[in-house]
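K.L.:
Using the hints, position chain B against chain A.
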Amino acid sequence: MKKITVRSWGNQQAQPNNFHTPWWRDELIDSLGDSNLACGNLRSYGDSCLSNNTLISCRHLNRFIEADFENGSITVEAGISLKEILDIIVPRGWFLPVVPGTQFVTVGGAIANDIHGKNHHHEGTFGCHVTDIHLLRSDKKTLICSQNKHPELFAATIGGLGLTGIITIATLKLKPIASPFLEVESKPFYSLNEFYALNAAAEKNFEYTVSWIDSQSEGQLKGIFICANFTSKQKKHHPKKAKSLPVFLPGFFLNSHTVKLFNQLYFYFNKNQSKHTRIQHYSDFFFPLDSIHHWNKAYGKKGFYQYQCVLPMPHAKQYMSDILNAITASKLASFLSVLKTFGDKPSPGLLSFPQPGITLALDFSNKGEKTTALFKQLNRIVEQAGGRIYPAKDAQMNADLFHKSYSDNINAFTAQIDPKFSSTFWQRVNNHEQ
Amino acid sequence: MNNSTPNKQALILGATSAIATAVSQQLQSAGFSLCLVGRNATKLKAISDDLIAKKTDQQNVTSHCLDFNDPDATSTLFQKLKTELPSIDITLIAHGILPDEAQCKTDEATLNHMIDTNFTSQLKLLNKVAERYKEQGQGNITVISSVAGDRGRKSNYVYGSTKAAINTYCSGLRAELTAHNVNLLVVKPGFVDTPMTQHIQPKGALWTSPEKVASDIIKAIKKKKSTLYTPFFWKYIMLIIRNIPEKIFNKLNF
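Line by line, the protein sequences are chains A and B. To convert, note that position 223 of the first sequence is 222 in numbering that gives the first Met the number 0; the numbers rise steadily by one, no gaps. To convert, note that position 185 of the second sequence is 184 in numbering that gives the first Met the number 0; the numbers rise steadily by one, no gaps.
Do not rely on the hints blindly, as some may be mistaken.
Computed Cβ-Cβ distance ranges for the label pairs, DEER-style [what the hints assert, rightly or not]:
{"id": "1", "chain 1": "B", "residue 1": "E210", "chain 2": "A", "residue 2": "Q12", "range": "22 to 30 Å"}
{"id": "2", "chain 1": "B", "residue 1": "K218", "chain 2": "A", "residue 2": "D399", "range": "26 to 34 Å"}
{"id": "3", "chain 1": "A", "residue 1": "F261", "chain 2": "B", "residue 2": "I239", "range": "41 to 49 Å"}
{"id": "4", "chain 1": "B", "residue 1": "T55", "chain 2": "A", "residue 2": "Q263", "range": "46 to 54 Å"}
{"id": "5", "chain 1": "B", "residue 1": "T41", "chain 2": "A", "residue 2": "R379", "range": "50 to 58 Å"}
{"id": "6", "chain 1": "B", "residue 1": "I96", "chain 2": "A", "residue 2": "E382", "range": "57 to 65 Å"}
{"id": "7", "chain 1": "B", "residue 1": "D56", "chain 2": "A", "residue 2": "N204", "range": "30 to 38 Å"}
{"id": "8", "chain 1": "B", "residue 1": "R152", "chain 2": "A", "residue 2": "D399", "range": "56 to 64 Å"}
Calculated pairs, DSS-like style, for lysine-lysine (alpha carbon to alpha carbon, straight line, at most 25 Å) [stated by the list, open to error]:
{"id": "9", "chain 1": "A", "residue 1": "K172", "chain 2": "B", "residue 2": "K54"}
{"id": "10", "chain 1": "B", "residue 1": "K202", "chain 2": "A", "residue 2": "K301"}
{"id": "11", "chain 1": "B", "residue 1": "K123", "chain 2": "A", "residue 2": "K139"}
{"id": "12", "chain 1": "B", "residue 1": "K44", "chain 2": "A", "residue 2": "K172"}
{"id": "13", "chain 1": "A", "residue 1": "K82", "chain 2": "B", "residue 2": "K218"}
For the record, the hints were derived by calculation from the structure and aren't laboratory data. Every value quoted in this text rests on a predicted model; they were computed, and no experiment measured them. Even glycine gets a Cβ: it sits at the ideal position worked out from N, Cα and C.
Looking at chain A on its own, in the form it has when it is part of the complex (with noise of 0.2 Å):
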């Protein structure tokens, strides 16, 4: 059988030579080889979701089990994705605690990768709202795993990448919401300094915060600061007709001068957006780039890259300055860049990304040598800020940095991997010649 090639979101590739689509969870047992990788919708942005042995792709398994909505609990399959959730949840007053930018991951990526969202610093991550998960492992049985139940590989397959075994089913929280709209507020700052004032003003009182920044305003940085609460206000919403982009765009289509524009816009129009409060429906204020499908096709054919690092309090104010400056410098463009802080409320992943500081996400479009050289750089000053890279969003971190920087847990994880799982990701970052 021709092998086929499988695509992450930034088009890092595969081909795996087993590629299963099971229908029915009892034929998950049948789909298991000697190396194996479950994956979703292969929302990740780097290698995490991908492998060249047996990939088994659970987006077909994709069930509510149960839905107790007096109490806020739902249990599903892991391929259900956030928006098959969310279209039944959300009418009956109910949201996911977490959220990430796109409603198109399945809870089994959700969970594997730990997501993170503009809450975190009020909700945690996704982990946090798990109660439990049912484990197939390579010997064929399924543990429920829960803070009682194997705590241990509870704790590894949470943030774990999907290296301790197929997450079949999970039981997740749910959070009470008024309506499905919220009050959205933005400000315009100048600078570093003014987004962390900003920024912490609003924490206390807004759920939802995060900020856009034009990482390309030589010497001056400049940016939006969004902060918003679910209301019972309502408005008319007339939800958007996704609209999808069928093919790769030519490489040079999203360069240095079109990005460059692209934000000078975006700055100018939300700058004046910020004169009143606005009500937004969820899916426009969480989702906005969900409307345009294959939207990482306007990247061309050599894909991009992701590049999400958190710096520790309380150096990381420091530092930020330090990786903004090296973008700056390098004259690559960033599409969307987006500044944030994470709070203190801990994950029970052990390898969760988010530690209390501050995060910043940035695309690149792929030029090859030009983008590996300012990534080395970058990951020069995360390392000696004594942060992370999230591998969810990774292509690029060598092995060092990877130990290094997860160093507090990497032992414990490592020793609840299921030994016949593996992905591309894992067999990078343990490629210690690097």
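P.N.:
Same frame as chain A, but now just chain B:
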């Protein structure tokens, strides 16, 4: 069909099929109550639990495990359904199998099983459903056939012939039901990504998903269509295929 009309009811026969599952989901979102009938108890429960978790309080989801090749059990169920479902707005007949063509030609058991499942059981179900609908004097019956029934091709004519048989049967039944204000829709999907076609790799540009097919089916039911090719371009592909002159067609290898 709209959400404000209470108690719209659909009967889904072959409920564990991927297309039937997608139709069930979309009908439930549109306010329908569902009665699911299928052969595999585990799969039926998984689908039923999913729909029960997602339904509103005004909707019902019931399920019955049944092998349509068992005539006595089928009769018993239809008796039961007379009281369980006082009226039915949509009945979907979606069960079917796609065994290996070569095996159908060499192994009589495989051949008989396919004919029984794809043709005989569908015909008998349609008889029973039609009786019910004639009493009702309104509603829709939808049958999932295939483009393979439009013309027998070298590669899949044994399967195709069971679909062609159902097409002809439905054509006559439709005429009979018109006088009773009942609409009969025959759905002819092309290549659909389902468990039935799992073994066919790779899947190319002509392939579609069960969700898209379900959406097309529901639109066609609303419009009271008689035949639906899904995706739409199969109508034109099959128009060409049906009209290729025999001499040329016989030399083709597909």
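K.L.:
For each hint, tell me whether it holds in the structure or not.
P.N.:
Hints, verified against the model:
no. : hint                          : verdict
1   : B:E210 <-> A:Q12: 22 to 30 Å  : 27 Å, holds
2   : B:K218 <-> A:D399: 26 to 34 Å : 57 Å, violated
3   : A:F261 <-> B:I239: 41 to 49 Å : 46 Å, holds
4   : B:T55 <-> A:Q263: 46 to 54 Å  : 48 Å, holds
5   : B:T41 <-> A:R379: 50 to 58 Å  : 55 Å, holds
6   : B:I96 <-> A:E382: 57 to 65 Å  : 59 Å, holds
7   : B:D56 <-> A:N204: 30 to 38 Å  : 37 Å, holds
8   : B:R152 <-> A:D399: 56 to 64 Å : 60 Å, holds
9   : A:K172 <-> B:K54              : 19 Å, holds
10  : B:K202 <-> A:K301             : 24 Å, holds
11  : B:K123 <-> A:K139             : 42 Å, violated
12  : B:K44 <-> A:K172              : 24 Å, holds
13  : A:K82 <-> B:K218              : 23 Å, holds
Of the numbered hints listed earlier, those contradicted by the structure are 2, 11.
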